[in-house]
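Could you build the full structure based on these sequences and the hints that come with them?
Note that the UniProt record's numbering has the sequence shown beginning at 1, numbered continuously upward.
Be aware that a few hints might be false.
Stated by the list, open to error - Beta-carbon label-pair distances, calculated as ranges:
hint	residue 1	residue 2	range
1	211	62	50 to 56 Å
2	279	6	17 to 23 Å
3	28	1	19 to 25 Å
4	267	13	34 to 40 Å
5	58	249	52 to 58 Å
6	70	122	20 to 26 Å
7	295	78	28 to 34 Å
8	23	58	22 to 28 Å
9	221	41	53 to 59 Å
10	183	6	56 to 62 Å
11	27	68	21 to 27 Å
Please keep in mind that the hints were generated in silico from the structure rather than gathered at the bench. C-beta atoms are modelled at their ideal positions from N, C-alpha and C, and glycine is treated no differently.
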Amino acid sequence: MNYRDEVFLQVAELLNISKAAERLFISQPAVTKHIQEMENKLDMPLFERKGNRIYLTRAGKITFNHLKSIKQQYQELEFELNQINNTYKGNLRIGASSTITQYVIPPVIAAFHARYPDIKLSLLNGNSEDMTHKLLNNEIDLVLVENQGTHQNIHYIDFMDDEIFAVTNPESLYARRRQVTNEELPQTPMVLRETGSGTLEVIKKAFSTNNMRFDEMNIILQLGSTEAIKNFLSDFEGISFISEKAVKKEINRKELVKIKTPSLSITRRFRIGLRQGPEMKLTRLFTDYLINYNF
Numbered sequence: 001m002n003y004r005d006e007v008f009l010q011v012a013e014l015l016n017i018s019k020a021a022e023r024l025f026i027s028q029p030a031v032t033k034h035i036q037e038m039e040n041k042l043d044m045p046l047f048e049r050k051g052n053r054i055y056l057t058r059a060g061k062i063t064f065n066h067l068k069s070i071k072q073q074y075q076e077l078e079f080e081l082n083q084i085n086n087t088y089k090g091n092l093r094i095g096a097s098s099t100i101t102q103y104v105i106p107p108v109i110a111a112f113h114a115r116y117p118d119i120k121l122s123l124l125n126g127n128s129e130d131m132t133h134k135l136l137n138n139e140i141d142l143v144l145v146e147n148q149g150t151h152q153n154i155h156y157i158d159f160m161d162d163e164i165f166a167v168t169n170p171e172s173l174y175a176r177r178r179q180v181t182n183e184e185l186p187q188t189p190m191v192l193r194e195t196g197s198g199t200l201e202v203i204k205k206a207f208s209t210n211n212m213r214f215d216e217m218n219i220i221l222q223l224g225s226t227e228a229i230k231n232f233l234s235d236f237e238g239i240s241f242i243s244e245k246a247v248k249k250e251i252n253r254k255e256l257v258k259i260k261t262p263s264l265s266i267t268r269r270f271r272i273g274l275r276q277g278p279e280m281k282l283t284r285l286f287t288d289y290l291i292n293y294n295f
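This is the structure in structure tokens:
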């Protein structure tokens, strides 16, 4: 593959010349020039413009599928040739939900880097929904998510169990009571994660399973990170539902208190998401390492 092929792949994936230029660190006119040269060489248009958007033509779709396959085969070739010398090289783009990024994956990435120092890792962070979209758009090679949804173009592998439970600050009324029943929950002030969060999705499902309507809960505020929620709880006369992985230190330091919800149990599994189709050997190397990691 040459550089012009890579420019085409980026534009074809993003369907946006300015975004492709940003990703490639070149100017928009340079991107346009590469595409025009490729179209002249093939003697047919690869993109068509409708309004302010561009789309792949039939020829563009065929070219995209073949070049994408060639790129993956070339990456596999490099990886296997390096294995002959017992060296592992490559670039792996990982996307992870906020909870997994902050509280689960850092030691795994550090250990993986120590074992395979020539493999370059990049880690993108966002909620589960955003990261899933990036995987489908080929902006990352694999995703680590906490939501329980499925997608026909993604293959999921479980790698860790998690529990979500209610917490509050040690000075609150709820800390003194130590428990909240299902009947009391709709009147209990709550701060929760934002829409799109895998944690919120699991909480909603648990409420529904217990015949509680999410829209009838007393949700005071929704925040975009677990850290923001923990800070908010310090002066909040209410509760939140947070992953055990995210509050272990605060509970041990008695900065937060676990509240029992006798009739409400919320468990989930963290999962690896991979695009359907042939799996790259580098991706398999990391997923095997993660699955077998001793947390």
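To see whether the hints hold, each was checked on the structure:
no. : hint                 : in the structure
1   : 211 / 62: 50 to 56 Å : holds (52 Å)
2   : 279 / 6: 17 to 23 Å  : holds (22 Å)
3   : 28 / 1: 19 to 25 Å   : holds (22 Å)
4   : 267 / 13: 34 to 40 Å : holds (36 Å)
5   : 58 / 249: 52 to 58 Å : holds (56 Å)
6   : 70 / 122: 20 to 26 Å : holds (23 Å)
7   : 295 / 78: 28 to 34 Å : holds (31 Å)
8   : 23 / 58: 22 to 28 Å  : holds (25 Å)
9   : 221 / 41: 53 to 59 Å : holds (56 Å)
10  : 183 / 6: 56 to 62 Å  : holds (60 Å)
11  : 27 / 68: 21 to 27 Å  : holds (24 Å)
Of the hints listed earlier, there is not a single one the structure fails to meet.
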